[in-house]
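Novice: Both chains come to you apart, so use the hints to assemble them.
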Amino acid sequence: MASVTHSTRERGRIVTTEPLLRVDGLEVGFPSKSGVLRAVTDVSFEVRPGETLAVVGESGSGKSVTALTIMRLHPGSTRISGSIMFEGRNLLALGDKDMRAVRGNEIAMIFQDPMTALNPVFSVGSQIVEAIRIHQDVSKQQAWNRAVELLALVGVPEPKRRAEQFPHEYSGGMRQRAMIAMAISNEPKLLIADEPTTALDVTVQAQVMEVLHDVQRATGSAMVLITHDLGLVAGSADRVQVMYASRLVETGGVDDIFYRSRNPYTRALLDSIPDLLATTDRLDPIPGNPPSLLNPPSGCPFRPRCQMAVEHCAESVPELVVVGEGHASRCHRTADIEVTPVETS
Amino acid sequence: MAATVDSGRLSVADALEGLSEQPKSFGRLAWERFIHHRLALIGLIGLVIIVASFFIGPMINDHPFDKPDVLNRLQGPSREHWFGTDEIGRDLFVRTARGGRYSILIGLLSAVVATAVGTLVGAAAGYFGKAVDAVVAQVINLVLVVPGLIVLSVFALNFGSSWWRLSLVLAAISWVRIARVARGVVLSIKEQDYVMAARAAGASHSRILFRHVLPNVVGAVTVEITLLVGSIIVLESTLSFLGLGVRPPDTSLGRLVADAKGNIDNDPLRVLTPGLVIVFIVLCVNFLGDGLRDALDPRARSNRDD
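Here the protein sequences come in this chain order: A and B. Throughout the first sequence, residue numbering follows the numbering used here, covering 38 to 382 in sequence. Throughout the second sequence, residue numbering follows the numbering used here, covering 74 to 379 in sequence.
One chain only, chain B, in its complex shape (with noise of 0.2 Å):
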């Protein structure tokens, strides 16, 4: 079947000097267009900074997270506690940063997780519809009509006691998001008549779905893996703010706002900074993606010199 390429019939080569090298990829292009997106560098720039905080800075001010330390209770920020301490003396920079990891770890878990499953199962519903499709645009229906927070509730309180544990949790409800997107936009893109000349040229169902479909989901799916990064995190911490996310001692940034919270009154900035942190992350993460879909889209306008 398969005919020589280099058969004479058709060969120009020799008008051509010298063949080409290889291309530009298409991640390069991408990568080019995303350095050049000012919101996208600093919502990354942010984020590396405010993780590199989390690991680095408890190993620069050494405090135990746990440790009681009932003679240094209640202090504002200082050289020793950066932040302050809270009514049992333990300091709070360094539970913050340690709640901080567990919510950028449990969010970007889950939201590994939930856009594996999401996309997959949402890929192949929109693609080979019919029966695959009704069944699961039930699925995704039944799991975006029940009530979230209570469902995660008794989740996270007969399963979720590890961070690892309650991303799972998280991601079992959040993947329907992405599965949603993911089946809408591939509805749409298998009409496409590039889908139909990929069948025209004889590629097989697996190779239209991997190459030719799932890549031109990858920008409506990734601005919503962003937006589901930001909500898992949002989410851990009502949880943990209501007592269901990482049990005590350790911490997280929502069970911090939660231990502050009687206290607002007097001191305001002992819930104000785990709550800052939060909108900070979100908003990093949500720049980012934002730079990801235009670099990721490739008609967006290219900076290159041509």
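With the rest of the complex left out, here is chain A (with noise of 0.2 Å):
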């Protein structure tokens, strides 16, 4: 197993800091009929206070399984292995009470659709009111000064008047906006977004992500963001994590990942990003499909798919190997990647 260290990149920035979250060893696994489905698999990370770290992968690759084992919101049969410290405990030994105390409260979650993650039935301040009594030992007429506050903090317009209306009242965006309220509302030390603007309006995208980035800032916390999308990394992490088929293959700052990535995964799918300027009309986007996680194809999973593969490949897993400070890719031909800048034609 290998560990990553951090660039000397960011040290001046945050020098001493333990990290926040370690995820060492991961291994998630669902029981199902024809066998265990392996979603998670050795995937070791670390989250440092206030920093934004990017979890990039197909569907099914993994990282929004790796986020609900975190917040251990996964059903009851799965199967987990390894530890995930947080603050130095170890939340999978936690019992329930304590692990409740820790959600919402120092490990707040926001959810990919805002349509139906706000409970129909009670006004939008309501819940932020609930989200916040869970955890603080407030009046409700305080918690609710706190709710259309926090309303006001993510840019929602007339918060007293909008915190007493309904989630059907509000549009998508406001919708996510209120979720961001909610899940701020403990100042939580770590968020964890899980495609926080997939279900949203493309336009309405790039406000929300600015509205995480206000309240990141207002509140220091620390920032897990899961998400398909290269664009929104590139605009707002500090680091970047990708996964194939349930293993991290690539782990590097935003300028590792996007200008020197050794990884083969990585550059194919930085090189199926449409290209506004390109001369081409078509995409390129990579071939075949994510292999099954019941049946994995032997050796490298992402063998069958890519260009670069070798007899080799088939083999054994690869390791992530270290490749640069705080930079390190799983491939048996990392050494044969060129670092020359990905070309995004």
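Everything labelled a hint here was simulated from the structure, so no lab data went into it. Misleading hints may appear alongside valid ones.
The calculated label-pair distances, taken between Cβ atoms and stated as ranges, are [unchecked claim]: (1) A/Ser208 / B/Ser279: 29 to 35 Å; (2) A/Asp174 / B/Ser126: 48 to 54 Å; (3) A/Ser208 / B/Trp104: 24 to 30 Å; (4) A/Val73 / B/Val218: 37 to 43 Å; (5) A/His111 / B/Gln211: 51 to 57 Å.
A virtual CB, placed ideally from N, CA and C, is assigned to each residue, including glycine.
Specialist: Set out below in structure tokens:
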């Protein structure tokens, strides 16, 4: 298991801080009729206070499962091993009551679809009040005032009036703002945003990301941003890790990933981004589909789709190898990938 | 663990002039929607009128419900006897009012018991799943397939000698209808993102069940309750009609119909009056349920001015 050290580039800023979250050798499996589905395999990473870590990957790559496992919101039958250390405590070893005190209070989550993540029978304000009062011993009126402040903070206009409204009276963007307000209501140290803009209109996505940044700055919380939108990552993350078929395949600073990627999958992902200035009218998708997690192909799981695959790739799963300061890649041919900027043509 | 709410870090209170008053509550909004629902209002007013007449009527038209008065037997409606008299001269209005009071009391009490038991059992089964659900689902199926009228007849004969006992017997077979609806709704509600979001916010199982799941069950269960009140009233009338309900000389609407049925050719009015009262009550209750469902659905169009 490779452990990844952090780049000096960021050391000037966050020198002595201990990691806020340290995931070590996490394995998550879902028992099914045809065997155990390995949704997360040997995933290790750290999140330091105040930083934004983007987790990128296709559907089914294990990024959302990783997030849900950190919150311990996985189904009962899930098999988990490894450790998730949050401020020195192993979350996987906490009792239900202790875990509830962490959820929403120290680690908060923002869900993908704001249209369904708010309870339709309560006003938005009262849902924020509830989120506050689960963890704080304050009066309803105090919590209500706080809820209105929070709505103002996330840019909901006329927050006093809007707090009294029900979720169906909100637009998608406004609901996601309300979800953010709820998530930060207890000033968590870590925010986990699971595709926070995927369900939103393109024009609203940028606004919501901006709100996320603002609240992150205001509260000083760290963020794990789960997304498949590389454009979002470029603009907002400090570090990026790319997941494929339940494993981390590359991890590094934003520039490492975007300009100095040493992994064929990351490069293919970057190549598939539409380019406004491109002269061709065709996209370059990655051929084929992600492998089945029940019967993964032998060796490197990306091998069947990889343009650089050689015979050796079928023999074993490559290790995560450190290729630079805070930059690691999982590929047998890492050494053969030249460190020239990736062309997004 | 708890940070104080007044921590200045996030405070933007300065940007807002004077913070808000309490919001319009959900109950208030529901009431506003309810009174704008014409059928529901008709149902409510109809019920109030008929229940009031059951209670106040006999005070004005003061006859004993059980004393025979053979000199005045089988009279038609008159100022003295509004609905006429029966074979032994008892006033039929007083008897109808008394029967109607029992019908409504029995309908309400059984529905309350059935709803309390059914909702809790059904919701617990749906929410906790697994073994709890397996057991409850089988019990529900069992009660549903048992021929209700036969079981009721046996129970009513041995147990149902007073109106509240009869209510309990009726509740004992009707709670499964509520439980089935509650379980079904909870099964879908618990998969909703907002339940996951509540868990992510640190809510406990009981908080999620009582605050996030059950309020979303209310709409569906309310409709089922009103249908249930209606069918319990009809069921009680059926039992009484068969002679298994309230014991004579007391009476109920079903028994009044039964008493009059032999004479239907000569005096159809005596069968029709209690029969129509049953229909009227059940209809009003169902209208009311319709309105309640719309009122309790927060997605229904609000009638506020914004």
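Novice: Take the hints in turn and mark each one as holding or not.
Specialist: Status of each hint after checking the structure:
1. A/Ser208 / B/Ser279: 29 to 35 Å: Given a distance of about 33 Å, which is inside 29 to 35 Å, the answer is holds.
2. A/Asp174 / B/Ser126: 48 to 54 Å: At 53 Å between Cβs, range holds.
3. A/Ser208 / B/Trp104: 24 to 30 Å: Given range 24 to 30 Å: holds, Cβ gap about 27 Å.
4. A/Val73 / B/Val218: 37 to 43 Å: holds, 39 Å
5. A/His111 / B/Gln211: 51 to 57 Å: Cβ of A/His111 to Cβ of B/Gln211: about 29 Å, so the range 51 to 57 Å is violated.
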